[in-house]
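Could you build the full structure based on these sequences and the hints that come with them?
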Amino acid sequence: MVKESPKKKAEGPEYIRIKFNAPRLYNWSTGKYLGKVYAEAKENKKLVGNRCPQCKEIWLPPTPVCPKCKVDMGWDWVELPQTGAVYQYTYLVYPLWDPHYGEKWANPYPSAIILLDNGVYYRHWLEEKDKEKLKAGTRVQAVWKEDYEERGQGVQDILYFRTLEE
Amino acid sequence: MPNRVAIIGIGQTYHTGRRDDVSQPEMVAEAVRAALTDAQLSIKDIEAVFFGNMETFEGIYLPDHGMTAEVGAFGKPGFKVNTGGTTGASVVAEGFYMVTAGLYDLVMVIGFEKQDCGDTTAAITAAAVPTWAKGAATGAIGEFAKQALSYLETSGAKEEHAAMVRLKADRNACRNPYAHLRLGLKSIDEVLQSPYLVWPLRLLDFCPQSCGACALILASEQRAKKITKKPVWIADLEVVHQEPFRAGIFGDPTGKETYTQHVACERLYKRNGITNPRKDIDMAEIYEPSNWEELNLYEHLHFCDKNEGWKLIEKGVTEIEGEFPVNPSGGVTATNPIGATPVIRVAEAALQIRGDAGEHQITKDINTAMATALGGPNWTVLFLLKRSM
Amino acid sequence: MQTVTEKLEGMDVWIYHGQINIPNTYSAGAVGSRFLIELRDKKRIMGTRCPACNRVYIPARSICKDCFGQLDEWVEVSSKGTVLTYAIDYEVKPIQPVEHPIIYGIIQLDGADTGFVHMLGEVDPEQLRVGMRVQAVFKKEREGNILDIKYFKPLA
Ligand SMILES: [Zn+2]
Ligand SMILES: [Zn+2]
Numbered sequence: 017m018v019k020e021s022p023k024k025k026a027e028g029p030e031y032i033r034i035k036f037n038a039p040r041l042y043n044w045s046t047g048k049y050l051g052k053v054y055a056e057a058k059e060n061k062k063l064v065g066n067r068c069p070q071c072k073e074i075w076l077p078p079t080p081v082c083p084k085c086k087v088d089m090g091w092d093w094v095e096l097p098q099t100g101a102v103y104q105y106t107y108l109v110y111p112l113w114d115p116h117y118g119e120k121w122a123n124p125y126p127s128a129i130i131l132l133d134n135g136v137y138y139r140h141w142l143e144e145k146d147k148e149k150l151k152a153g154t155r156v157q158a159v160w161k162e163d164y165e166e167r168g169q170g171v172q173d174i175l176y177f178r179t180l181e182e
Numbered sequence: 068m069p070n071r072v073a074i075i076g077i078g079q080t081y082h083t084g085r086r087d088d089v090s091q092p093e094m095v096a097e098a099v100r101a102a103l104t105d106a107q108l109s110i111k112d113i114e115a116v117f118f119g120n121m122e123t124f125e126g127i128y129l130p131d132h133g134m135t136a137e138v139g140a141f142g143k144p145g146f147k148v149n150t151g152g153t154t155g156a157s158v159v160a161e162g163f164y165m166v167t168a169g170l171y172d173l174v175m176v177i178g179f180e181k182q183d184c185g186d187t188t189a190a191i192t193a194a195a196v197p198t199w200a201k202g203a204a205t206g207a208i209g210e211f212a213k214q215a216l217s218y219l220e221t222s223g224a225k226e227e228h229a230a231m232v233r234l235k236a237d238r239n240a241c242r243n244p245y246a247h248l249r250l251g252l253k254s255i256d257e258v259l260q261s262p263y264l265v266w267p268l269r270l271l272d273f274c275p276q277s278c279g280a281c282a283l284i285l286a287s288e289q290r291a292k293k294i295t296k297k298p299v300w301i302a303d304l305e306v307v308h309q310e311p312f313r314a315g316i317f318g319d320p321t322g323k324e325t326y327t328q329h330v331a332c333e334r335l336y337k338r339n340g341i342t343n344p345r346k347d348i349d350m351a352e353i354y355e356p357s358n359w360e361e362l363n364l365y366e367h368l369h370f371c372d373k374n375e376g377w378k379l380i381e382k383g384v385t386e387i388e389g390e391f392p393v394n395p396s397g398g399v400t401a402t403n404p405i406g407a408t409p410v411i412r413v414a415e416a417a418l419q420i421r422g423d424a425g426e427h428q429i430t431k432d433i434n435t436a437m438a439t440a441l442g443g444p445n446w447t448v449l450f451l452l453k454r455s456m
Numbered sequence: 060m061q062t063v064t065e066k067l068e069g070m071d072v073w074i075y076h077g078q079i080n081i082p083n084t085y086s087a088g089a090v091g092s093r094f095l096i097e098l099r100d101k102k103r104i105m106g107t108r109c110p111a112c113n114r115v116y117i118p119a120r121s122i123c124k125d126c127f128g129q130l131d132e133w134v135e136v137s138s139k140g141t142v143l144t145y146a147i148d149y150e151v152k153p154i155q156p157v158e159h160p161i162i163y164g165i166i167q168l169d170g171a172d173t174g175f176v177h178m179l180g181e182v183d184p185e186q187l188r189v190g191m192r193v194q195a196v197f198k199k200e201r202e203g204n205i206l207d208i209k210y211f212k213p214l215a
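Protein chains in written order, with our numbering: chain A, 17 to 182; chain B, 68 to 456; chain C, 60 to 215.
In short, the hints are calculated from the structure, not lab data.
Small disclaimer: the values here were computed from a predicted structure and weren't measured.
Backbone N, C-alpha and C define an ideal beta-carbon position, used for all residues, glycine too.
Some clues are possibly wrong.
Have a look at the derived ranges for each label pair, beta carbon to beta carbon [as the list claims (entries may be wrong)]:
#1 A/Tyr117 to B/Lys143: 56 to 64 Å
#2 B/Lys143 to C/Ile154: 30 to 38 Å
#3 A/Glu148 to C/Ile154: 46 to 54 Å
#4 A/Gln70 to C/Leu206: 58 to 66 Å
#5 B/Tyr128 to C/Lys101: 31 to 39 Å
Covered stretches of chain B (in silico footprint by chain A; criterion: 3 or more residues with CB under 8 Å from a CB of chain A, positions within the stretch not fixed) [stated by the list, open to error]:
#6 166-177
#7 208-220
#8 256-264
Within a straight-line C-alpha distance of at most 25 Å, the following computed BS3-like cross-link-like pairs (lysine-lysine) qualify [to be verified]:
#9 C/Lys198 to C/Lys102
#10 B/Lys378 to B/Lys143
#11 B/Lys225 to A/Lys147
#12 C/Lys66 to A/Lys62
#13 C/Lys66 to A/Lys48
#14 B/Lys143 to C/Lys124
#15 B/Lys225 to A/Lys149
#16 C/Lys152 to C/Lys212
#17 C/Lys66 to C/Lys198
#18 C/Lys66 to A/Lys35
#19 A/Lys84 to A/Lys72
#20 A/Lys161 to A/Lys62
#21 B/Lys225 to B/Lys373
#22 B/Lys453 to B/Lys346
#23 C/Lys124 to B/Lys111
#24 A/Lys151 to B/Lys293
#25 C/Lys101 to A/Lys35
#26 B/Lys293 to B/Lys143
Written as C-alpha cells, this is what we have:
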C-alpha cells in the first residue's frame, strides 16, 4: 500500500486516498466440455463445437445444456470450418488497463466477429492491422501456433485470422 | 391480489467524477438522507433496506460490510444485490417484490458507485470468462463500438445523428443540477471531433465514470396514501436476462438486435395494453451507455419502427419540449455511477410524474413513464410508472 | 504476468492460472482523512462521539449505527487500551502488509466504546491473554495510514 502523491492542495482540506493493487490469483477450470476444445486445439489444431441432439444447433463455446431446448447435449462433437467471413469488427484506439496482464495494454489486432462457413459465429482477432483494409465480408482463415509446446492455451492457440487472397 | 407499490421518497447525491470528501459509505448516506427528507420520514420508519453496486469495481469486496450504519440498515432485514449493469434496477425490483408480496410496508432501495476508486473497464474485462475474453480488454466500450458500427451500417443513420443525441443529452444535463457532465456543447462538430476510444466510438459518444448514489423509498398502498399526496405507482416491471458470449447467438451477434429487450417489451406492453408506446406512455428515462445505443433503444423499445430511430432525433421528437421526451435528466452519457444509474432512471421518471424535476421538468402532463436498465450481455429491466392506478 | 493453462493430469479438464489485477484507491473521506491525519501529524487516536447514544466510535466514523445521527463531535482517546480478543496468523498471504506471524487483536482503547482492530507486537504469543493492557507504538515515518500505528505492545 502506498499513499498517493502527498502534494497538498493550496486551498481546502487535505483528503487521504490510499492506493492498493493486490493481484488476486485464481485457478479456473474449463470443465470437460471446454476441455474438449482445448484438447482438440492442442492435439489437432481443430476448432470444435458441440451439437444439440434436439435442435441440431452447434454451440461454441460448447455447453452441457442446450440454451434453446434446455436438454442434455450429450457428447456429439462437430469440427468447425476454419474459414469464414468478417461479420463485424472494431479496434482499440486507447490502451486500457487489462486485469489479466495487470498493465495498460491494447491488443494490436482488431477484434472481430467471424461468421464461420458453417454459420457459427466466432470471436477472434484479425491479422490485418491496416484500418483502411478492414471491412465486413472479408474472407479469413485461422492461423495456428505451429509449436506443439506453445499450444494448450485454448482458443489462443489460434493466433489470428488471416485475410484470404481471392 | 398483490399489494400495490408506490415510490414515496426520492433522493440522490450530486454526481461527479471524484469525491474525495466522502468515503463510499458516506456518499451513500447522502442519498439515504435525501430520500428520507423527501418522504419526511425517519430511518426508524424503514423496515428493510436493499442495496447494490458493481461490487469490486472500486476494489471493495462486500461493501455492505462497511456501510450498514451509513445506509440505515443496522439490525434490519435486507441484502445486497449485484446483477451487473442492471444492479440498480434489480435493487428496485427487489424492493418492489418485497412490498407487493406483503412482507414489508416500507422499504428503502439504494444504488451507488464511487468510480474514482477503481477502473471500470478493467473490472468489466475481469468479469468475463478468461478463455474468451483475454486480449479483448475493451470492457463495455468495445461491445458498444460494435453495436454503433452495425447501427451506422444498417440503419441509414449518419454519425451526425449520434452527435445530435449527445447534444440533446448535454442540453438536458445542463438543466439538471445533479448531472455529472454538463459540458455546454454547442455543435455537432464538437462531438464529431472528440477522439476515438474504440473505433468508431468516440470519447463524447460514451458515458463517463461517475461517483454518486440514489435511494428510493417504496411503500405499500395503505402506507403510501398516509405518507404522501404524490405517490408514484410502480404499475409493472419486467426482467429478462441472458448469457454473455452467447448474446449474439440469440439473434444478431453484434448485439445490435437484442433478444432480451424484445422479449421484455413484448411482455410489458401486452400486460398493460400498450399498443403504441409513444402515445400510451408520456416519457422515458432509458439506460443508454452511448448515444448510438439510444438510437438503437428507440427501435428496440418500439418508440418507432426499425431503422427509424435516427429520424426521432432528427425531428426533435425526444427533446424535453418534444412529443415524446427521452432522458430529460441528461441520461447516462452525462451521468453514470453504474450501480446507481438504473435507480436514477426510475427516480427521474418518478420526479417527472410528480412534477418535481425542477429545471428539466417536462412541460406537458406526465401520467405514465417508462424507466429502463441494461447491463451485461444486454440484460433488460423495464419499469412502468403511473401517477394513478 | 503471463497467464498459462495446463491440462489436469488424468482428466479432460484444463486449468487456467490467472490473475485479476486492477489498480484501486480507497477514498477515506473527510472523517476518515481527519482520523488518519491526526495519527500522522500528532500521533493522536481520534474518535467521534454520538451525543444521543453517548458512544465513542474508534476509528472515527461519520454516522451512528443506532440512531443514524451525523457525528461531528471529535474526542481524543487514549493510546492505551485492553485486549478484548486476539488471534495468531501463521499463514503467509501476499495481500498482508507485514511479516508473519501476525497477531491480530481487538483492543478497546481507554475512552472508546468500540473495539479497534489492529496488531499486537513485542510480545511472546505465550504471554498473550484477554484483558492484557497494551499501548500503541507509532512508526517514525508516518504517511496517513492505519499502519502509522506499528502495533500495540504490552504495557510495562
Ligand atoms: Zn437444442
Ligand atoms: Zn447514536
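Quick rundown of the hints versus the structure:
Checked against the given bound of 56 to 64 Å, the beta carbons of A/Tyr117 and B/Lys143, roughly 42 Å apart, lie outside it. Separation of B/Lys143 from C/Ile154 is about 31 Å and conforms to the stated range, judged on CB atoms against 30 to 38 Å. Here the CB-CB span from A/Glu148 to C/Ile154 is close to 47 Å, well matched to the stated 46 to 54 Å. Hint check: A/Gln70 to C/Leu206, Cβ distance near 60 Å, so the stated range 58 to 66 Å holds.
Between B/Tyr128 and C/Lys101, the C-beta spacing of about 32 Å keeps the proposed range 31 to 39 Å intact. By the rule of at least three residues with a Cβ nearer than 8 Å to a Cβ of chain A, the coverage given for the segment 166-177 of chain B is violated, with 0 such residues. Under the rule that three or more residues need a Cβ within less than 8 Å of chain A, the assignment of the segment 208-220 of chain B holds, with 7 such residues. Here the segment 256-264 of chain B counts 3 residues with a CB under 8 Å from a CB of chain A, which clears the bar of 3, and the coverage holds.
Our distance criterion of 25 Å between C-alpha atoms is met by C/Lys198 and C/Lys102, whose separation comes to about 9 Å. Taking the CA atoms of B/Lys378 and B/Lys143, the gap is about 50 Å. The hint is violated against a cut of 25 Å. Restraint check: the Cα-Cα separation between B/Lys225 and A/Lys147 comes to about 20 Å, which is no more than 25 Å; the hinted pair holds. With a C-alpha separation of about 17 Å, the suggested pairing of C/Lys66 with A/Lys62 holds against the 25 Å cut-off.
With a CA separation close to 11 Å, the supplied pair C/Lys66 and A/Lys48 stays within the 25 Å bound. A distance of roughly 11 Å separates the Cα atoms of B/Lys143 and C/Lys124; the hinted pair therefore holds under the 25 Å criterion. Among the hinted pairs, B/Lys225 with A/Lys149 is consistent with the structure: their alpha-carbon atoms are about 21 Å apart, no more than 25 Å. Distance hint between C/Lys152 and C/Lys212 is fulfilled; the C-alpha atoms sit about 23 Å from each other, no more than 25 Å.
Pair hint C/Lys66 plus C/Lys198 does not hold up; C-alpha atoms about 48 Å apart against a cutoff of 25 Å. Between C/Lys66 and A/Lys35, the direct Cα distance comes to roughly 36 Å. Violation of the 25 Å bound is thereby established for this hinted pair. Note on A/Lys84 and A/Lys72: the hinted pairing holds, with a Cα-Cα distance of about 11 Å set against a maximum of 25 Å. Restraint check for A/Lys161 and A/Lys62: the C-alpha separation of about 12 Å stays at or below 25 Å, so the hint holds.
Taken as a hint, the B/Lys225 and B/Lys373 pair is honoured in the structure, with Cα atoms around 15 Å apart against an allowance of 25 Å. The hinted pair formed by B/Lys453 and B/Lys346 meets the criterion: a straight-line CA distance of about 14 Å does not exceed 25 Å. Pair hint C/Lys124 plus B/Lys111 holds up; C-alpha atoms about 12 Å apart against a cutoff of 25 Å. Our distance criterion of 25 Å between C-alpha atoms is broken by A/Lys151 and B/Lys293, whose separation comes to about 62 Å.
Restraint check for C/Lys101 and A/Lys35: satisfied, since their Cα atoms lie roughly 23 Å apart, inside the 25 Å limit. About 23 Å separates the Cα atoms of B/Lys293 and B/Lys143, which keeps this hinted pair within 25 Å; it holds.
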